[in-house]
Amino acid sequence: MTGPASGSQSGGQVADVQDTSEVFRGTASGSTGLRDQRSTDGADQRAIPAFVLGEELGDLADHDDRIAVLTADLAKANRTNDFAARHPDRFFNLGIAEKNMITVAAGMAASGFVTYAATFASFSALLGCEQIRTDCAYPGLPVRVIGHHAGMSMGFYGTSHHALEDLGIMRTIADLTVVCASDANQLRGILRASVDHPGAMYIRLGRGRDPEVYADVPDVHFGRAVQLRDGTDAAILATGSEVYPSLRAAERLAATGASVAVYDVHTLKPFDVEAVTAAASTGRVLTVEEHNRTNGLGTATAEALFEGGFAGVRLRRLAVPDEHVPIGPPAALYAHYQLDSDGIAGELTMLLDD
Amino acid sequence: MIERHLAVERLRDRARFVRTETVRLSRIAGAGHYASSFSAAELLVALYYSELRLRPDEPAWPERDRFVLSKGHAAIGLYPILADLGYFDAAQLDDYTRLGSNFGDHPDMKKIRGIDFSSGSLGHGLSAAVGIALAGRVRGSDHRTWCMLGDGELAEGQIWEAAMSAGHFELGNLVVVVDRNQMCIDGFTDDVMGIEPIDARFTDFGWRAQRIDGHDLDAILDAFSDLPRADRGQPQVVVADTIKGRGVARMELSLDWHVGNLAGQDYDDVMTELATGLAAEVGR
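From first to last, the protein sequence lines stand for chains A and B. Each residue of the first sequence is one higher than the one before, starting from -10 at the first, in the numbering used here. Each residue of the second sequence is one higher than the one before, starting from 8 at the first, in the numbering used here.
Fair warning: there could be bad hints in the mix.
As the list claims (entries may be wrong) - With a Cα cut of at most 35 Å, we get these calculated DSBU-like pairs of lysine-lysine: (1) A/K65 x B/K118; (2) A/K258 x B/K118; (3) A/K65 x A/K258.
Said to hold, decoys possible - Simulated restraints on C-beta separations: (4) B/F195 x A/E263: 57 to 65 Å; (5) B/D276 x A/T283: 54 to 62 Å; (6) B/F195 x A/E296: 48 to 56 Å.
Derived from the structure by calculation, the hints contain no laboratory data. Bear in mind that the values here come from a model prediction, so they are computed numbers and not experimental data. Just so you know, even glycine gets a beta-carbon here, dropped at the ideal spot from N, CA and C.
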C-alpha cells in the first residue's frame, strides 16, 4: 500500500501552512528551535539546525584552495552566500542558467578545482541531467552537484519545483556517486568526505534544515550504510529526509514490543548490498524515501534482494506513487503519502502482520 | 614578410595534412565528418602550429593555453595534429574508432593526451571554456582559453547562457572561434535556424568581435595577433566565414557530406584532388 492515505492518521495536527521565508530568505546562521513540521510527535520538537551548506564549504575552503562554489541565483536559499562572504574569489553566481552552471563547474574542475554547484534538485538533476552525465560523470571530473530542496519539500510550489525523479535519473548515470543527506551533521560529513572522493557526485538535500539525526558530525563512507538502530523483527532502509521519521516510527513500534532495525542508506550509488543482506536477515524490509516509487531506494533494494537470493523476504516500499503530487504544504504532503512518522509506523505495522 | 610567407606555406601544408588524414581515418572507420573537419582545417592548424602556448611533451603543463573543441565532431581533424605535435604515437590512429580505441568520433579528455575537455554534445563547449577561463583567473595564470564553436550549435540555448556569463565576468582570457561553415545537418543554417548576425549577437553580450575569411591563413594569423592580452576585459570572438567541405569539390556546401564514406576509386580521386588542387585553391 503506497497510495495516498485517505483519512490520514495525522489528523489535524499537521502544519497546514508553508513557511516560504525558509526558502527564499534563507535562515539565519544559528537559528534553531523551529518546530519540526515533518513530525506530528508533539513531544519531539528537536532543535533544527540552520542550513550549513555554505558554512561547511567555507570551513573546508579555509584549508583547501581547490574548493570553489557555484550557484544559479539561489545563494540565499542554499546559503552559499555564507561561502561567498568568506571566499568571494571562489564563488560564482551564474544567474538563472543551471545548465551553464554545471558545465562551468566541470570546466573549473578540469583545471584542478573541486567544484560544488548548488541549486534546487528539480533544476540541477532534471534540467542539468545531460550536463551532469556528459560533462561531469563521463570525464570523471570532481564536480559535486548539490540538489537541494529535493523531493516535494518545496510543497505548494508544485511539480515544477519538486524532484521526485532525481535519484532514479542520477543512479542510472555511470561513474556518478549519488548521496543523500539526512541532516545537517551528516551533510557536513558528506561534504568533508567529498573533497577527495574520485569522480563526480550528486548530493541530494532536503530543505537543508531537517531535524537532527546525528548528534555529531559522522565519518561518512560512501557506499556504506549506517545502522542507526538494531532490530530483529523487521528493518527499515531509509534515505535522506526519511531517516528521521523512520527512526521515530521504529521507536514507536518498540513501545509495542516490535524490534525494528533502521539503516540510513545515504549512498544510493554505489549501493550497499551488504546492508540489504543484513536487513534481509530480519525477514521483513521496509524502504522509505521521498521519491517516486520507481527507480529509487526501493527499486535498488528490490534488485539487491532478488539478486542476492532473498526473494522470500517480505518487502514494502514506501514512496511517492507514480503521480504528480497535489498542491499542499510539505508537512501535509508527507502525511498525505504516509511519509511522516505516523505513516511509516502504520506501514511497519502492516509489514509486521504480513 | 618572408617569415610570414614561410609560416603560411607551412600552415597550408598542414591544412592539407588535416584533410588527407580526415579522409584516411574516415575510411578506417567506415564513416566520417569530412566536411566539418575541412571547414575548420585552416583554423585548427593556425591555432596548433602558430598560436596556442603548448608543451606537447608536458600535456598537463598548468600554464598551457586550453582549447575546447565544442564542435567535437571535427575531432577527426584535430587528432592528426595532436599526433603530429607528439602528444601520442600517430600509429594509435590506425585503429581509429575500432573497439577499444581511444579515438572516437568525439574527443575524450580522459583517453587522449592533449584534449583539454571532452565534447560531442553541441552547445556545451563554451560553458566548459568559461569554467576553465575562470579557473585560470582564480589561479592567477595568464593562459588563454580557446573554444571553437560550430555555427549550427549557436542555436543551442546554453551557448548564450555561457556567452552572457563570459561577458558578465569580463573574461578577456577567453577566445571563441566560430567556424561559420554555413551549414548544419539538415541544410543551410539560414534555412534551418537563422543565427545571424553572429558578431552583433556576441557584441551585444559584451564581447569584442572580428569577422574574417576562415580559409585565409594570413587573415587568421592577423586576427589572432590582434587579440589583447588581458585578464580583465572583453571576451573575444573571431567569426570565421568558411565553406563546409572546403577543399573537395564534391563536398563543398553539399547536403550529402556532413557524414559520409569515401571508398574505392572515390577515395583515390579525392586524395589526388587534395594533393594537387588544394594548395592553389585554399588560403589565398
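Hint check results:
1. Restraint check: the Cα-Cα separation between A/K65 and B/K118 comes to about 39 Å, which exceeds 35 Å; the hinted pair is violated.
2. For a cut-off of 35 Å, the pair hint linking A/K258 to B/K118 stands: about 24 Å separates their Cα positions.
3. Simply put, A/K65 and A/K258 have alpha-carbon atoms about 29 Å apart, close enough for the 35 Å limit, and the pair holds.
4. For B/F195 and A/E263, the Cβ-Cβ distance of about 59 Å falls inside the hinted range of 57 to 65 Å, so the restraint holds.
5. Checking the proposed 54 to 62 Å range against B/D276 and A/T283 shows it holds: the Cβ atoms sit about 55 Å from each other.
6. Our hint of 48 to 56 Å for B/F195 and A/E296 holds, since their Cβ atoms are close to 53 Å apart.
In this structure, the one hint that does not hold is number 1.
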